[in-house]
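Visitor: Protein chains in written order, with this note's numbering: chain W, 1 to 310; chain G, 1 to 310; chain Z, 1 to 276; chain P, 1 to 276.
Bear in mind the hints are in silico, worked out from the structure with no lab data behind them. Values in this document were obtained by computation on a predicted structure and should not be read as measured data. Be aware that one or more of the hints could be misleading.
[What the hints assert, rightly or not] Listed next, the in silico SDA-like pairs over lysine to any residue satisfying Cα-Cα at most 25 Å (straight line): (1) K210/G <-> S306/W; (2) K80/P <-> T253/W; (3) K209/Z <-> L226/Z; (4) K80/P <-> E309/W; (5) K208/G <-> E227/P; (6) K58/W <-> P243/Z; (7) K80/P <-> L65/P; (8) K58/W <-> N99/W; (9) K190/P <-> L177/P; (10) K210/G <-> E309/W; (11) K209/P <-> Q260/P; (12) K192/Z <-> A221/Z; (13) K208/W <-> L229/Z; (14) K259/P <-> Y10/P; (15) K259/Z <-> G279/W; (16) K208/W <-> A221/Z; (17) K208/G <-> A298/W; (18) K58/G <-> K80/P; (19) K165/W <-> M17/W; (20) K165/G <-> G16/G; (21) K210/G <-> M205/P; (22) K259/P <-> V88/G; (23) K209/Z <-> A221/Z; (24) K208/G <-> S6/W; (25) K208/G <-> R7/W; (26) K210/G <-> G78/W; (27) K208/W <-> G16/G; (28) K210/G <-> A298/W; (29) K210/W <-> H294/W; (30) K58/W <-> G217/W; (31) K210/W <-> L229/Z.
[Stated by the list, open to error] Just a sample of chain Z residues kept apart from chain W, beta carbon distances all over 10 Å, derived: (32) N46; (33) L49; (34) R51; (35) A97; (36) D153; (37) E167; (38) K192; (39) K193; (40) T196.
Think of the CB as a built atom: it goes at the ideal place given N, C-alpha and C, for glycine as much as any other residue.
The primary structure of each chain is shown beneath.
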Amino acid sequence: MTELVSRPSLAVELAGMHLRNPVMPASGTFGYGQEFTPYLDLEGIGALVTKGVSLHPKAGNPTPRIAETSAGMLNAIGLQNVGIEAFVRDKVPFLERINTPVVVNFFGNTLDEYEQVAARLSDVSVVRAVELNISCPNVKQGGIVFGTDPVAAAQVVERVRRQLKIPLIVKLTPNVTDIRVMARAVEEAGADVISCINTLTGMAVDLKRKRLHLANGTGGLSGPAIKPVALRLVYQVVRSVSIPVIGIGGIMTAEDALEFLLVGARAVQVGTANLVRPGIMAEIVAGIETYCQHQGIADINDWIGSLNEE
Amino acid sequence: MTELVSRPSLAVELAGMHLRNPVMPASGTFGYGQEFTPYLDLEGIGALVTKGVSLHPKAGNPTPRIAETSAGMLNAIGLQNVGIEAFVRDKVPFLERINTPVVVNFFGNTLDEYEQVAARLSDVSVVRAVELNISCPNVKQGGIVFGTDPVAAAQVVERVRRQLKIPLIVKLTPNVTDIRVMARAVEEAGADVISCINTLTGMAVDLKRKRLHLANGTGGLSGPAIKPVALRLVYQVVRSVSIPVIGIGGIMTAEDALEFLLVGARAVQVGTANLVRPGIMAEIVAGIETYCQHQGIADINDWIGSLNEE
Amino acid sequence: MNDLQTSVLYNREIAPGYYRLGLLAPGYPEQAVPGQFVMVQIQSQNDPLLRRPFGIFNVGTLPPLCSGLPERDYVELVYKVVGRGTRLMSALQEGDAVRLLGPLGQGFDCNTTAGPPLLVGGGIGVVPLFMLACNLVKQTQPVRLLMGGRRCDDVLAVTEFERLGVETYVATDDGSLGEQGLVTQVLERKLKKYPTARVYACGPMPMLKAVHDICVRHEVALQVSLEALMACGIGACLGCVVPGRRHRSDQPDYRCTCKQGPVFDARDLSWEVDHD
Amino acid sequence: MNDLQTSVLYNREIAPGYYRLGLLAPGYPEQAVPGQFVMVQIQSQNDPLLRRPFGIFNVGTLPPLCSGLPERDYVELVYKVVGRGTRLMSALQEGDAVRLLGPLGQGFDCNTTAGPPLLVGGGIGVVPLFMLACNLVKQTQPVRLLMGGRRCDDVLAVTEFERLGVETYVATDDGSLGEQGLVTQVLERKLKKYPTARVYACGPMPMLKAVHDICVRHEVALQVSLEALMACGIGACLGCVVPGRRHRSDQPDYRCTCKQGPVFDARDLSWEVDHD
Ligand SMILES: Cc1cc2nc3c(=O)[nH]c(=O)nc-3n(C[C@H](O)[C@H](O)[C@H](O)COP(=O)(O)OP(=O)(O)OC[C@H]3O[C@@H](n4cnc5c(N)ncnc54)[C@H](O)[C@@H]3O)c2cc1C
Ligand SMILES: Cc1cc2nc3c(=O)[nH]c(=O)nc-3n(C[C@H](O)[C@H](O)[C@H](O)COP(=O)(O)OP(=O)(O)OC[C@H]3O[C@@H](n4cnc5c(N)ncnc54)[C@H](O)[C@@H]3O)c2cc1C
Ligand SMILES: Cc1cc2nc3c(=O)[nH]c(=O)nc-3n(C[C@H](O)[C@H](O)[C@H](O)COP(=O)(O)O)c2cc1C
Ligand SMILES: Cc1cc2nc3c(=O)[nH]c(=O)nc-3n(C[C@H](O)[C@H](O)[C@H](O)COP(=O)(O)O)c2cc1C
Ligand code: FES
Ligand code: FES
């Protein structure tokens, strides 16, 4: 039996940010944090990642916007958000009161939009890093999705990078033939960290009405159903780049988080699980700590990437 | 209320083959049929699709080969099979006794191998159609997967097509950025039918041993977890080509099958569900029939593709 | 607001396909407001993944199991079996574990004394009206309930309302209980008689729309309790929005049903949109 | 072979973490052979998705519930709670629905009369040996069981074996029951005493490997019952293979545990591979 570690260190470092532990929410499943204060100590998680924000307010898609699937859910919220100015005015004051690094997820439909939001966020002192969601259609280029074309992705990353004085996390979509190509493209273009994965594109059918269930037609699949795909992609990305990677996809338990860390993710994001169990991140942090104690892992960094491979 | 149809017609036509109903097994989950005779009347299903066969016998991967995931499973069987000659010698005699169209799934690691298996199968009279699995690495081209590159895919389809006097079904992998490109490529190259999807590539981690769970590292994710992704891809393929499409992915119930048919699949394949419930295809066929009766659908072809879209 | 690991007190079929579920719920009697709801997680596995939303039917406190033990707060839900989640719920037995998130959302505003209250319920929509009636009968008399349903089996808990002293009027589509017809007919008649009434309604969307039109015509205040697909119930996912007053498809105005509702002042919603 | 929709007769905890589960199983007493197994589907939702394999502990027939009704065939399983499937199973109650696929696979060959039988069980591996013992005691006497386990709690069903007239010898790692040490020590001693014995073994892979080595040394016949990850249990998925006699990594020789096993003649397997 391995010796018991009294108080393992869970702290990790991400592009110069010191996180007290590697657990943070995935964008869009945690609002701006405030909704979760009855259920969770916001100072017990590693970072706080906010809902994606854009230059202008976005009303989102018509309803139905969600569907339950086997061990997963589809969402087509349509990136509803208050817009960058209202975010700074209405949401930042709350975030300033919390002693946890704030990461702001953002997106745009044109390169200009991406640049402007990045520039604005870089000036907000509470924002410790930004997370770039490149899974959006590039309206100027006829709707081709930034996130599935390495050239378009590199371009947006480069342009955004120039606007920023803070770390840039780039969030990759799983809906590509070879995520390694995307990962290398955004690393070269200046990403400081990669987070993956965003949702898998899916559909649900409403038999009764003989229609697609979601008003938007397609939606993003998340939850435990996608964990095996996410683990594979995180494994591949970790081995393709030298910047740190945040693992995302279907994490419901401490064991799930430990799996992502084991294959090499420096930190993890918890998404859909927050919707089902608003206090779950506290349980995941506690579970990781207990696991480390029992396994004799004094420092979580010793666990990260320690997968045995022949 | 719609009127009750006493005996709906479930027959569909696929590239000249007349199937008594649109339900068939997915390759690799039904052996060569014989294993299922205690549980299922093989003459109650639309067609019988056999386990993938290759030129030479293939022993498959080391174990562990399977892992359970949330609402799904990973498999890395490694296409274990007896090889084309043993197939013809040992398996065909049983298949000849069943009055159900037989579709033989096959694969190769080089263009030559694909061609040789196709030529051999085309001469076996019980084989009514072949299904080409192009999700295999092309060993001659440095392991690039035939199924993710439209040029390589078109090439193998063209070459195989020339060897065949019977219909060619091409089975697409979901692990691509844009399945429509793949679908058009194989249609143009001569595919008579497209079936999709094959498994999503995934991974499982064995925390106790700090290893990847599958001996092969990655495996193919199947089961209800992937249904939303499969529905989306089938929807897209149906709208990109004019040849018929067979829908596959996570079908567990008659309702699931009806969803695939509604978005436009001409038939469906049931995979993982056979492993959990060996008699399930009979239940699915019966369920489709009952549904048609209650909804006043006299002919399943009236349902196929009848999705309401704005 | 709390995420409780709690357990089943009872789970009784009260009419074919309808169940009444009692759950231990410390704190609910003080915290819960009529019209609020809970999110129930039925099982520990990942399928079904999402919780299910249910209105609060009633709250209360049971005497201690034996002297020396504390009193036991509970919440009551009444639900209809419609899909796999509610089917799983129907198998719950005394002592089974359940996770319970709540009480959630904005309830009915009953701090107004203006006019006699008229409660309009359709089918399972009667649920949040019971706790509302419990509160209203303490403030004013009489409280009236107009209940509609397909057939008599869909008209629930009427005796409970009567026991509170609520005047109840029932209409069913097939006339198997009360008068034959729609509850909106009854509402029209009552509003002619009590033109200063305030209306509280919960039921299917077409009914609510009809109730809204009638209330507009009669110029009386209306609060409605809505249903929407929900993933989180706490305002995090934005899955549950409904079109608000200023909603236009080119300039949407969405309200969060779980956080800003489920009870809305009818004037704050858009009634032009095709609710089906 | 059948896929039955059946129900639970009882589900009793017989030692900490070990349960004995009785299921109605028409036909099992005639069909089942010692060493065969079943695939149990615990619940109707999709998570957990796969069935779980369990060896058959025993089969039998209960008298009719009342006269006029038919007799009731049953199968008994004994399982250890190790993961989420078995945890769900431990909550099963009388009358609960369960799907049962079986009896599956190749059982023990006990049509040989050569030599006295020695049954070697490790932990939960004792399960298939009980039905085997039931059959053997009818053919020959004495039948001997050598049982090993970590501690006394892991040594199951010994009294049941003794009631059959089986001579039992127990060894535990910590000496909390029987002698202290490994069951293989006991086997060595017994084989010295009964050099013509035939051995039937079921337990963890390291134990089976040790048993195999001893049997080779003593030149006695050995049948082993294996466990493997299984998706289907009927030979369709090829997930459950084990390396056969001629296995080499460059020229594999795989056997299907569910179809060609779970009981194998030890000579048909490869014992060189690193089983961990
Ligand atoms: C605020 C609120 C209060 C409610 N109060 C009650 C109540 O007191 N009694 C009662 O019987 N029902 C009530 N409902 C409806 C209840 O939530 C659904 O009937 C239930 O979720 C169906 O779950 P299912 O798994 O059986 O159905 P399925 O159709 O299998 O569910 C699939 C998905 O759709 C959702 N869903 C299905 N029907 C509805 C619906 N009508 N409203 C919202 N989501 C739905 C489910 O939550 C689930 O996510 C309420 C809904 C809301 C939003
Ligand atoms: C032929 C055969 C007979 C068996 N007989 C018995 C018996 O009589 N009593 C008993 O307690 N156990 C028996 N087992 C082992 C039993 O199947 C597992 O303990 C059980 O499947 C664990 O399920 P779980 O969900 O609790 O564990 P989890 O670890 O959560 O299961 C995850 C997956 O791994 C599989 N798995 C996990 N452990 C094993 C294992 N040891 N063998 C095979 N698959 C495993 C599960 O089936 C499932 O697919 C037998 C296994 C086989 C193959
Ligand atoms: C309701 C919902 C809203 C989401 N909104 C965003 C978003 O605004 N920006 C973004 O980058 N990802 C968004 N996502 C994706 C998640 O951040 C995450 O990448 C994905 O859900 C996979 O993780 P999970 O399986 O843990 O949920 C959203 C996901 C959900 C379920
Ligand atoms: C155990 C197993 C073996 C498989 N073997 C093959 C195969 O030999 N050839 C092939 O084209 N697909 C194979 N598949 C993929 C299935 O045919 C099917 O495309 C996939 O499982 C998705 O369908 P499902 O979700 O219904 O299982 C296999 C799948 C499983 C689970
Ligand atoms: S249900 Fe998630 S925001 Fe309302
Ligand atoms: S478990 Fe599927 S072949 Fe043995």
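Visitor: The structure should be examined with respect to each hint, and the outcome stated for every one.
Guide: Hint-by-hint comparison with the structure:
no. : hint              : verdict
1   : K210/G <-> S306/W : holds, 7 Å
2   : K80/P <-> T253/W  : holds, 23 Å
3   : K209/Z <-> L226/Z : holds, 11 Å
4   : K80/P <-> E309/W  : violated, 31 Å
5   : K208/G <-> E227/P : holds, 19 Å
6   : K58/W <-> P243/Z  : holds, 14 Å
7   : K80/P <-> L65/P   : violated, 30 Å
8   : K58/W <-> N99/W   : violated, 29 Å
9   : K190/P <-> L177/P : holds, 19 Å
10  : K210/G <-> E309/W : holds, 9 Å
11  : K209/P <-> Q260/P : holds, 19 Å
12  : K192/Z <-> A221/Z : holds, 14 Å
13  : K208/W <-> L229/Z : holds, 16 Å
14  : K259/P <-> Y10/P  : violated, 29 Å
15  : K259/Z <-> G279/W : holds, 18 Å
16  : K208/W <-> A221/Z : violated, 35 Å
17  : K208/G <-> A298/W : holds, 17 Å
18  : K58/G <-> K80/P   : violated, 36 Å
19  : K165/W <-> M17/W  : holds, 13 Å
20  : K165/G <-> G16/G  : holds, 12 Å
21  : K210/G <-> M205/P : holds, 20 Å
22  : K259/P <-> V88/G  : holds, 22 Å
23  : K209/Z <-> A221/Z : holds, 14 Å
24  : K208/G <-> S6/W   : holds, 21 Å
25  : K208/G <-> R7/W   : holds, 21 Å
26  : K210/G <-> G78/W  : violated, 39 Å
27  : K208/W <-> G16/G  : violated, 32 Å
28  : K210/G <-> A298/W : holds, 17 Å
29  : K210/W <-> H294/W : violated, 53 Å
30  : K58/W <-> G217/W  : holds, 19 Å
31  : K210/W <-> L229/Z : holds, 18 Å
32  : N46               : violated, 4 Å
33  : L49               : violated, 6 Å
34  : R51               : violated, 6 Å
35  : A97               : holds, 14 Å
36  : D153              : holds, 22 Å
37  : E167              : holds, 37 Å
38  : K192              : holds, 36 Å
39  : K193              : holds, 37 Å
40  : T196              : holds, 35 Å
Hint compliance for this structure: hints 4, 7, 8, 14, 16, 18, 26, 27, 29, 32, 33, 34 are broken, all remaining hints hold.
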